[in-house]
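One-letter residues, chain by chain:
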Amino acid sequence: MSTGIEKMVQLAKQNQGFKRELQGCKTVEEALSVLKANNINVTPEEFTQFTQSNSSGSVDTKGTLLGTLCFQIG
Amino acid sequence: MVGVIKQESNMDKDIYLLDYYSNRDKQVVYAPLYDYLELIDRPTTEKMLDEHHTAIKQRDCLEVENYDKNISQIALSLTDTCNLKCRYCYAHGGYNDGKGHSNNALIYSVLKTYFKYLQSEKQQKCNISFDGGCEATCAFDLMQYAVATANEFASSYGIEVTFSMATNGYFNEEVLRFVTQNFDAISLSFDGPKAVQDYHRPTVSGKGSYEKVFRTAKILHDSSVNLAIRVVVTNYNVHRLDETLTFFESSLPGSKVVFGTMDNTDFITDVAPPDEAVYAASLKKLSEKSYNLNWTTVNTKLFGGLKSSFCSSMSKPNWFVKTDGRVNTCMRDTQSNKPMFDIGYFNSDRNKVELDYRQLEYLKTFNIYDQDDCKSCFAKYICGGGCPYLRERNQQKCDLIREEALDYINERYDDQQTIRLLQDIFLNLDAK
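Residue numbers (the working numbering), protein chains in the order written: chain A, 77 to 150; chain B, 137 to 568.
A portion of the hints provided could be inaccurate.
Below are the DSBU-like pairs computed for lysine-lysine, each with C-alpha atoms no more than 35 Å apart in a straight line [what the hints assert, rightly or not]: (1) 102/A / 420/B; (2) 354/B / 221/B; (3) 89/A / 533/B; (4) 354/B / 83/A; (5) 95/A / 421/B; (6) 420/B / 343/B; (7) 252/B / 112/A; (8) 343/B / 95/A; (9) 354/B / 89/A; (10) 89/A / 425/B; (11) 420/B / 533/B; (12) 420/B / 162/B; (13) 162/B / 89/A; (14) 89/A / 248/B; (15) 112/A / 248/B; (16) 330/B / 343/B; (17) 425/B / 102/A; (18) 421/B / 112/A; (19) 89/A / 183/B; (20) 421/B / 102/A; (21) 221/B / 95/A; (22) 248/B / 420/B; (23) 488/B / 95/A; (24) 83/A / 392/B; (25) 89/A / 511/B; (26) 83/A / 193/B; (27) 83/A / 162/B; (28) 354/B / 112/A.
Derived DEER-like restraints, expressed as beta-carbon distance ranges [unchecked claim]: (29) 82/A / 406/B: 33 to 41 Å; (30) 121/A / 187/B: 31 to 39 Å; (31) 430/B / 127/A: 50 to 58 Å; (32) 103/A / 417/B: 36 to 44 Å; (33) 110/A / 501/B: 52 to 60 Å; (34) 157/B / 121/A: 33 to 41 Å; (35) 258/B / 121/A: 21 to 29 Å; (36) 82/A / 358/B: 23 to 31 Å; (37) 175/B / 117/A: 42 to 50 Å; (38) 121/A / 424/B: 49 to 57 Å; (39) 379/B / 82/A: 20 to 28 Å.
Hints are computed from structural coordinates only; laboratory data are not their basis.
From the three backbone atoms N, C-alpha and C, an ideal C-beta is built for every residue, glycine too.
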């Protein structure tokens, strides 16, 4: 996921108003400008790619806890 | 409550029912090998479970990483000396009063054995790093010798070699030129703003190190070297992380910056690890802002999938070679009094590295399939069975790992649902 898409997902998780704004859009251009107004930069290509991607319950596990468990040197 | 809900002998799978924090009437069905996260009502019935089971069965099984495809790395420790005396560092100005050094004979023998090993394993690439000890650039002559020797072996064996190093960046122009010409990747320990850097990382004589290290960072940033800046977080700078990122953004835009907390060790000191809650709150604030940087923490390393071993120290051991000739697969363990990762040593009488193949095989048994307490644990693919070093010392914190893993899985489930909702919204846009 691109940084812009990740930011969009996180904001949608936290902010109902943002979600409603997107739901109120009629065109892709409108949706992109809502994102832009929220300081989220997503290109039309990234937008299309995201819409068509498979949203299975991917758990990116590896390394998640490595930093907590492993040695950290100065 | 965590439990296996169903297993079939003809299907190698783990399926778990986990707490779902946002709704206590539901549970998360988690099938890590099948990339499956969905909700199920509580209490569950056989019929409900069967439906999930059928859905899981239709998915492809994911590959579990055991690191055996990684490029083999060798880390040469060149010296026990350091020119800085960082307040949080385990070495604190050097080990053994900074008297230990590697030598040309040891370096030659180790590299010769290593390249022979690479050839026997049919590997075409390798990485040689200079870390696992103190500041490698304090032994610049040895570093030059090691790079030249490795290049010769690489050329004669037809293996591509790259060089990397963890460094404090406190060195002169000659070293800097050598680094930019020969190194592929540098992890630079640099804590950012002058006040923090000079306090955290003074020289051995107590002076500030900022000016010199900043110059190094600038030149590496503008070179072709792959630079990552490592910032250590303590109770001193935990409230200054925004200032730190703003500093890097303005002076080294686009850089990769990695935060990691100070280790909680029993040496020294006048700084301490940050309070975990304070650190988490500071990171959350950072994530709400946008910086022209690729910043992350050591907890969010960017590699995906499932794993069967905690790290490559077991499955495909990297070699850390100490200044005394010990060959070890774990940097943490190199300072241990009872090392368990020693796989060989330099035999100076025979001028040869002797490898302990039995120990190499033993280390491979530290995986989620061979450790009894991992077999029924839902978090095993996340922690890979944990660090054997901690296991041997009864410091393995399985409960804590499971707690963090559960938080993480809950969060991923919520992400998944948000993504689905957004996709629905956007697909309708296309239809209008």
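| task | Taking the numbered hints from earlier one at a time, note which ones the structure violates and give those numbers from smallest to largest. | result | As far as the earlier hints go, 7, 8, 9, 14, 15, 21, 22, 23, 31, 35, 37, 38 are violated by this structure, in ascending order.
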